[in-house]
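Q: Residue strings, one per chain:
Number of protein chains: 2
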Amino acid sequence: MQIVHTITDLRVALKNKAHVGFVPTMGNLHAGHLQLVNVAKQQATIVIVSIFVNPLQFGANEDLANYPRTFEADCEKLIAAGTDVVFAPTVNEIYPDFNAQTQQLGQTMTINPPPIAAELCGASRPGHFSGVATIVLKLFNIVQPAVAVFGKKDFQQLFIIRELVKQFNLPIAIIAADTVREPTGLAMSSRNGYLNEAEKNKAAELHQQLSDIVNKIKQGHHDFLSLERSAIATLSNRGWQVDYIAIRESRTLAPAKASDSALVVLGAAKLGSTRLIDNIDFFALAN
Amino acid sequence: MQIVHTITDLRVALKNKAHVGFVPTMGNLHAGHLQLVNVAKQQATIVIVSIFVNPLQFGANEDLANYPRTFEADCEKLIAAGTDVVFAPTVNEIYPDFNAQTQQLGQTMTINPPPIAAELCGASRPGHFSGVATIVLKLFNIVQPAVAVFGKKDFQQLFIIRELVKQFNLPIAIIAADTVREPTGLAMSSRNGYLNEAEKNKAAELHQQLSDIVNKIKQGHHDFLSLERSAIATLSNRGWQVDYIAIRESRTLAPAKASDSALVVLGAAKLGSTRLIDNIDFFALAN
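Quick mapping for you: the protein sequence lines, in order, are chains A and B.
Counting along the first sequence from 1, when you hit position 168 you're at 167 in numbering that gives the first Met the number 0, and nothing is skipped either side.
Counting along the second sequence from 1, when you hit position 55 you're at 54 in numbering that gives the first Met the number 0, and nothing is skipped either side.
In case anyone wonders, no lab produced these hints; they're calculated from the structure.
A hint or two may mislead.
Below, a sample of chain B positions facing chain A; criterion: calculated Cβ distance under 8 Å [said to hold, decoys possible]: (1) Y66; (2) P114; (3) A117; (4) K137; (5) D222.
Note that the structure is a prediction, hence the values are computed from the model and not measured.
We treat Cβ as the ideally placed atom computed from N, Cα and C, and that holds for glycine.
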């Protein structure tokens, strides 16, 4: 496995390589990321994984400084998974005009994401999806993959990246990979590492609530607002600080109507100081 | 010369074509545009010209509805200039989510340009350079040229497009072509067509003032503010409504210092209801 740190070296490594598969990550890799690599390997002849903790997608009060950096362990996992090239640039390589000390963008150009970016996770993380869209567009232009793989765990991110590709006319196929879960149902996430033992045991409750909503909808419940409110109340009673529980049409992310059949139930909530997200997409018999 | 109207047809026309040269235009072509085509032909093996009046770069009170559309005459000129492919998409083909009636963007994603986009022409045209950067990025992704040619007449636009290419890591060489002028010195522009005969005779005064500033700087004048103010006063006395006259460092567009040697003098002013822009870039002996 080749490890490169600069755009110039990456372009040399990829010169004349056809059908490149790309998996962008922020490192601290777990089984969910390795599943993305597996999917990419099935779709491409060479697989590039980027490891870059993108400062533009973190809010001022978020965990940028503490976000776990585990580069050597990540590389061992990526070798085992059959990755061909790791691209691990510095912040300065990606954003030459960004001042990491002051968080000033300088002349840095960014993407205005679509209005949906202000809902769900965007409501409590202003600027997050602009930062995500900006780094993904830059990485796409640097890597120029034929195929890029993203996890369904970040469902809203996946939606915005599909929009990015469509609206900026990028000749890249976006593949969605299923969420990998602990035996308890807890979705794999780098941020699970912030949880203490007691929290980790409780953490599956978020998935359990989403799963309960899915079952109720499949059984014919269509009062989505009351399903959302009930799950929020249950989690709050159990000590969670709930950000949102939302039932949406899965292809547009618009609030679901009883007549919709492609649905996704999404949730975000804090356990202690750790913010967790999860979602389940499914098909229901329309009303 | 092939004429295509859809992205799909353009991709078919360009399949397996190496070293594509690209000239984006809004049509109503004049000798300045044809010079861009000539430059592209010297740099590329196949030349694509786009004709698209981009609604995103026009303000609410600007001339979008009246902007001259002369598609057949444009095609005749492009054939004569040796163009290989014309790409003339509809607004809906480029911005499927944009509502031309209401000017609502819908889910349309746009580019946040750098702070310089709020100065000079951007000060009186809010949103203009966001619209320019957005359409150029989309066209670049659609055409995927090796080389793209832009006129120096839109000097600030050229600067922002160079930033776009650099910051979004596009593997595209940007070539700047010199401004083509009438014998009077008036810079060729589609908007010259709005001028009546009397205005057309006066219109060269803008270039004359910029040219006078260049000569004075070359003679050793370094009080840039007084040079700007004097030109503004002269044009105002002659019936122009001056937007700005500005002396800038030509590679950064920062306000020029006496120690700078790479300079550009830019101006924008209205004659009647027609807004004209011009500039001259030059090297001066630094102070």
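Q: The structure should be examined with respect to each hint, and the outcome stated for every one.
A: Hints and how they fare:
Look at B/Y66: its Cβ only gets to about 23 Å from chain A, farther than 8 Å, so that hint breaks. Interface hint status for B/P114: upheld, as the beta-carbon distance to the closest one in chain A is roughly 7 Å, under 8 Å. A hinted interface residue such as B/A117 counts as satisfied when its beta carbon comes closer than 8 Å to some beta carbon of chain A; here the least separation is about 12 Å, so the hint is violated. Interface hint status for B/K137: upheld, as the beta-carbon distance to the closest one in chain A is roughly 5 Å, under 8 Å.
Given the 8 Å rule on beta carbons, the hint for B/D222 is violated: about 28 Å separates it from the nearest Cβ of chain A.
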